Amino acid sequence: MSLATDSRRSPSTASSPLRRGRIPAGFVVLAALGVALVALPLLGLVLRTPWPRIGEILTSETALTALRLSLIVATTSAAISFVLGFPLAWVLVRGTFPGKTLVRAVVILPLVMPPVVAGVGLLAAFGRRSGLLGSWLYEWFGIQLTFTTAAAVLAATFVSFPLAVLALEAGLRGLDERLEDAAATLGASRWYVLRRVTVPLMGPQIAAALVLSWARALGEFGATITFAGNLQGRTQTLPLAVFEQLQTDTDAAFAVSMLLILLAFAVILALRGRFLR
Amino acid sequence: MRKILILATSAVLLLAACSDSNDGGTTGTTGAGGGSGGAEAELTVSAASSLTEAFGKIGNAFEAANPGTTVTFNFGPSDGLAGQINEGAPVDVFASASPTWMDSVQDDGPGVTHRADFAQNRLAIIVPADNPAGIENLDDLTEDGVQLVIAAEGVPAGDYAREIFQNAGISKAALANVVSNEEDVKAVITKVISGEADAGIGYVTDVTPDVSDEVTLMPIPDEVNVIATYPIAVVNGSQEADLAQGFVEYVLGDGQQTLAEYGFLPPP
Amino acid sequence: MTLVVDVTARRGAFEVRAAFEAEVGRTVALLGPNGSGKSTLVSTIAGLLPPVQGTIALDDAVLDDAASRVHVPPERRPIGVVFQDLLLFPHLSATENVAFPLRARGVPKPDARQRASGLLERLGLANRANARPRDLSGGEAQRVALARALVSEPNLLLLDEPLSALDVGARMRVRELIRDELASFPGARVIVTHDPVEASVLAERLVLLEDGKVSQTGTPDEIRAAPRSRYAADLVGVNSFRGILEPLEVGAGLLVTGDGDIVAPWPEGFAGGEVIGLLRPADVTLSLDLPDGSARNVVQGRVTSISVEGDRARVRIASAPPLVAEVTLASVGRLGLRDGVVTWASFKAVEVEILPT
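Going down the list, the protein sequences come from chains A, B and C. Note that this note's numbering numbers the first sequence so that position 122 is 122, with each residue one more than the last. Note that this note's numbering numbers the second sequence so that position 204 is 204, with each residue one more than the last. Note that this note's numbering numbers the third sequence so that position 45 is 45, with each residue one more than the last.
Here chain A stands alone, though its shape is the one from the complex (with noise of 0.2 Å):
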């Protein structure tokens, strides 16, 4: 049996063992609820969204200023997240050091954390005053973090980091080490065989890793308000702009909150075909 025809992918009607299209019923009833628990609310927002204003809400000011900073930190902090998280990921599946699993543990706890937890332990570590090394950097440098748009991404990046690392980390979990051997018997220096081989191979992690930690950025809004504030232009994203809408102008609420939820959407869809599955 060569090895070139099993690698070759079965044919999509692959014939297996289990009845085919035999789905139990009590399944089919607990998908449905599932999807319901998630459908329900997207279509309540479609329905409270008042759609003849919204042309008016989205082009004013405040949601387009939001949108723009929502972008620009979202997108900084997808990127930082990824360029730590590669080497983070690569450290962790292939080095052998003690303590790993203690690492390990520590950078994905921002997934379990409360957002404004997370805020808190960012004041902690990044306040000017109270903060282990924001104190420090006001000091000696004059430099506060608190209340900037640099806070934002901090915040930003600090709840999405793990989703990044455990997405490229499964990636490279599943690599066959032996291609990067083998491209190395060819030649190829260790930068090459990354940019040739290991990321190409990676595609499709390295997009999910990328797209999970820009949409929980996008969204973040605990961590955010607790240490970066709230100020339209500077720390306003679209989750803070909803949030304060949301107490004066619920339909302005509904229609931000309808604005993310088509951001998120348009992504997914984008990557679904060739990425996501």
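No lab work stands behind these hints, which were simulated from the structure alone. Just so it is clear, the structure is predicted and the values come from calculations on it, not from any experiment. Backbone N, C-alpha and C fix where the C-beta goes; we use that ideal spot for every residue, glycine too. Incorrect hints may have been included.
Said to hold, decoys possible - Okay, the calculated bits of chain A under chain C, using three or more residues with CB under 8 Å as the criterion:
| no. | stretch |
| --- | --- |
| 1 | 117–124 |
| 2 | 195–209 |
As the list claims (entries may be wrong) - Calculated Cβ distances over 12 Å to all of chain A for the following chain B residues:
| no. | residue |
| --- | --- |
| 3 | E53 |
| 4 | D79 |
| 5 | N181 |
| 6 | D242 |
Put chains B and C on the given structure of chain A with help from the hints.
Relative to the frame of chain A, chains B and C by itself:
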């Protein structure tokens, strides 16, 4: 649809209001107006966050005076609270930090009864105890680089702060120093306590005994200051209308002393 | 172009020690059963696993010197490797795979593609140039892997189990192709395999590897003529027995194996101990009745299988110890040999070759 939002908010509030039943029999489920003394009853009160400490104490006293009653508070920015009520949240009593939002419930919402002003409050500049930016008065707030935090527009404390700036003729410079618009006045205080903000505009009453070590009050001159008037009312549609009225009367009566203890001024 | 290998390599708990040379024009086959250390040696020669001891040199270039901590990384070795699992890059087409070594070394894209296409054409794959590895048949993929290893004109070609992944039909064709390519390859060549036929066809010199050690080297004929180990004997179809040789009489000993005892010559100067006894199937005589010759070894057993090779037959007998005898087809008929028939087998003591282990 409105109905879905009503259901959702109701569900959340009900869950919050459902405390463990006291000893003995439960009366019927919520809505079965158990008005007579001694029967179990739950009262939901939405109150401005500046009333947190004072109303907490008042709530306990009211419960003690009306055995079988549980008072559940929903503290937050008055604009947000009014919004919830207007969307149908099942609130019995609403206490706002400004008449504006009581008007909103009255005109755009379910309406109110037994409306009365029950307190007044002054605003002040609040700085961290060590006052790193050396703020002494309103004009200092216009200095370059001052990190000033106020509540957002719509939140009474935020509107009042802006009004004060306007009164003092320092709007442009002061607003330029605002680094964050907080969702309620308590968040302003938190930012000042943590030392991240150089100064904030909050209520005099916000410097409670708990935080008096960590912050200092700088008074605002009367001629530019705003006196906030706090109205309270029973929300139409309340299932505990009698009890709600009782609570309003309590606040207007015995509760006045508590309010004074916490620094509130008597109603006009 | 000569490859000189003299190393000890270690992977995990397994250690392999080998020393051999491969010159231009004489393909060397590393032949051994699975687990003998072949793959480890391939990794070491390729530069993926530095040896714990010893040297590897290609002409004047020292690729590895454990003592002076010299280790040339794989990407700087002038070698071409065809791996057992081929390891074609799944995200690249056949042409791109073949062009990879050139591109990695900085050859501009058009030149690289041209050379790659040319090579693929020579190997008969012109019409598969743009196919992905998953769409190639076993034989086609093997040829692409070969082209990829050859394209950068390396000084050493290393083929790891080149035919093992192919089905029988493809195997013969690809074997011929590899033989032709090797013949025209101007550098040193090393093949690694477990198949003695493959080794004999493709290589001029065999290095037998067993349990991490070289047990014998020589041309296929030399080994066939004088196998020096049980594995070699099994390879060339010779009976082999392992046991303790105990003194019997002057010049002779009794080889005590777990399956039976054999009278064999006592090697000169042998002090006793464990040995391997080798016996050619052709030296075993079969008869229906108890033989009355001078053969010292006479056993009886049931025929378990008969396989015909040309005009001869190899007969397996479940005697103590079990034997393989080689007889003419005529004898099979005359003796009425079939599975299950009981027959006598005899051989002279002097026909047993003793190899001290």
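Okay, the hints, checked on the actual structure:
Judged by the Cβ-Cβ criterion of 8 Å, the stretch 117–124 of chain A is not covered by chain C as claimed, because only 0 of its residues qualify and three are needed. With 5 residues bearing a CB less than 8 Å from a CB of chain C, the stretch 195–209 of chain A meets the requirement of three and the coverage assertion stands. Even its closest Cβ contact with chain A, about 21 Å, leaves E53(B) beyond 12 Å, as expected for a residue assigned away from the interface. For D79(B), the non-interface assignment is contradicted: its Cβ lies about 4 Å from the closest Cβ of chain A, within the 12 Å cut-off.
Distance check for N181(B) against chain A: the nearest CB is about 5 Å away, which does not clear 12 Å, and the non-interface claim fails. Residue placement check: D242(B) keeps its beta carbon more than 12 Å from all beta carbons of chain A (closest about 31 Å).
The structure shown violates the earlier hints numbered 1, 4 and 5.
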